[in-house]
Amino acid sequence: MLKITDLHVHYGGIHALKGVSLEVPQGKIVTLIGANGAGKSSTLRAIAGLVKNKKGSITYNGRELLGLNPVEVVKAGIVMAPEGRRIFPHLTVMENLHLGAYSRDDKDGIAADLAWVFELFPRMKERQDQKGGTLSGGEQQMLALGRAIMGKPQVVMLDEPSLGLAPLVVRDVFEIIKTINQERGMTVLLVEQNAFAALKVAHQAYVLETGTVVLEGTGEQLIADQRVCQAYLGG
Amino acid sequence: MTPEMFIQHALNSLTLGSLYALIAIGYTMVYGILRLINFAHSEIFMLGAYFVFWGVSLFSLPWPLAVAASIVFTAGLGIMVDRIAYRPLRDAPRISALISSIGVSFFLQNVAIVFFQAIPRGVYRPEWMEQPWIVGAVRILPITLFVPVLSVLFMLGLLYIVYRTKTGLGMRAISKDIETSYLMGVNVNRVIAITFGIGSGLAAASGIMWALRYPQIQPMMGTIPGFKAFIAAVFGGIGSIQGAVVGGVVLGFIEIMTVAFFPDLAGYRDAFAFILLIGVLLFKPTGLFGARVEDKV
Ligand SMILES: Nc1ncnc2c1ncn2[C@@H]1O[C@H](COP(=O)(O)OP(=O)(O)O)[C@@H](O)[C@H]1O
Ligand SMILES: [Mg+2]
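Going line by line, the protein sequences match chains E and S.
Under the numbering used here, read the first sequence as residues 1058 to 1292, first letter to last.
Under the numbering used here, read the second sequence as residues 36 to 332, first letter to last.
Hints may contain errors.
Stated by the list, open to error - Computed list of lysine-lysine pairs in BS3-like fashion (alpha-carbon distance at most 27 Å, straight line):
1) S:K319 <-> E:K1111
2) S:K319 <-> E:K1188
3) E:K1182 <-> S:K201
4) E:K1085 <-> E:K1060
5) E:K1060 <-> E:K1111
Claimed, not checked - A few chain S residues that don't get close to chain E, going by computed Cβ distances all over 10 Å:
6) V158
7) I175
8) M190
9) S216
10) V223
11) G232
12) F324
Hints are computed from structural coordinates only; laboratory data are not their basis.
Glycine included, every Cβ here is placed at the ideal spot set by N, Cα and C.
Bound-form chain E, shown alone (with noise of 0.2 Å):
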């Protein structure tokens, strides 16, 4: 289990984490939800070991990762994919791909993997030697799905995957979401805009707000709440 306790972050004078806590079991779907600047991306951020500033505890299976550089959050099998992408548009598919197993060393287990991405991502087969820059909006995002899949997480954590993605495509992110959970048991922790989505897919589900966990339930929980109703699921 990811348990994140009384997390703060600060950036300069802002104040813009203030005592989160929150948990993510094995092999659940957990969403953080908020409007921007609630502090989403800062809480991944930090977890990930991207942010310097920072109090509290960050316990992985027991383990503290507060402290741990990225590089040893990935070896500790937590894997972001940051928001916007963030693909490598001068390198090919595969070369992103590889990227994203970049810590690992068990080639069999790369090439496994690889091939279940194939399997995933159809597209990302027949572009493979295709520069990432090339790609439409939504293969990217495919391709940043397949990324984050080859450091082969137990933990992977998706930075709004949704975002500025047409309807179908967004609808086929989400089943992504659903398979590589059932299917490998990784533990996803999302966060997303579209909380409706977001809401309908997790177990259990986190509102933000400045800073501040101000709810949290089983997704149908929340979906049925009348606050987050009204504050993010327009009406």
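For chain E, the structure is supplied; the task is to place chain S with the ligands on it using the hints.
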């Protein structure tokens, strides 16, 4: 000009050009990753030559061994410079690392003056390099071929590392997006250290061959070739390895051929590179192979 003379000049151009290219690769790789103009690079070039001098005269090493030792040593020195002078400034404004590199450059020059003294010294040159081969009317010193051939081998090795190895993939990733590379598990500091090591080793190789070609060394010997190689890198498109190689060779040809065809201009030889720089900056600031590089925030 006779065809024989032309061939002679072309070979000289190629030699000079490949020496520039080897230095330019280090500038371009470091710039490509850190957006840093590493002014200390020209001193690495100089020290590469001095270490061979030392190895041969002080430790009586056989020349090839002294060369290998020097390249390894200088690569280590480049890594140390990064570790001590640049890495602590990774999150600082970029100008800080630039100023730091100017500081390192002066520091190394002065250390060289203290240890090696400012007087120019002649260097040992293996005898086989001076036995000319006569092909028709062309007289070729083995060294004239030795330098480009060795340079090409070094460059092939480099291309192999950059395009065929995992570390190379890491380098190419870091040059675009350090943070995301980190998230993929790329050990950024290690890859940067390796980059400095490779760039410095190549600069040392260039310095060593430079000393063979113009068989005198002194602590300031890196400055002008360093500037010119930097210009070659800008001309080729800074950040691009192919660009650095092409830029270096083109610059070598411009220098030698202009003087060959217009001997009156010999006195302006060092100015050509700078004229080229101004031309590039005016008409094609991204250089031959350069992509527009966004400023990193
Ligand atoms: N690098 C940064 N420097 C300064 N402030 C930041 C930085 N990143 C985020 N913030 C601030 O922290 C708060 C939370 O941001 P973020 O975690 O990105 O929110 P969300 O992902 O929920 O939109 C915002 O007020 C944002 O302006
Ligand atoms: Mg965000």
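Status of each hint after checking the structure:
1. S:K319 <-> E:K1111: violated (45 Å)
2. S:K319 <-> E:K1188: holds (25 Å)
3. E:K1182 <-> S:K201: holds (21 Å)
4. E:K1085 <-> E:K1060: holds (13 Å)
5. E:K1060 <-> E:K1111: Holds, at about 15 Å.
6. V158: Since the minimum Cβ distance to chain E is about 42 Å, V158 (chain S) lies beyond 10 Å and the statement holds.
7. I175: With a cut-off of 10 Å, I175 (chain S) remains clear of chain E, as the shortest Cβ separation is near 41 Å.
8. M190: M190 (chain S) is indeed farther than 10 Å from all Cβ atoms of chain E, at 20 Å.
9. S216: violated (7 Å)
10. V223: violated (8 Å)
11. G232: holds (19 Å)
12. F324: holds (12 Å)
Checked against the numbered hints listed earlier, the structure breaks hints 1, 9, 10; every other hint is satisfied.
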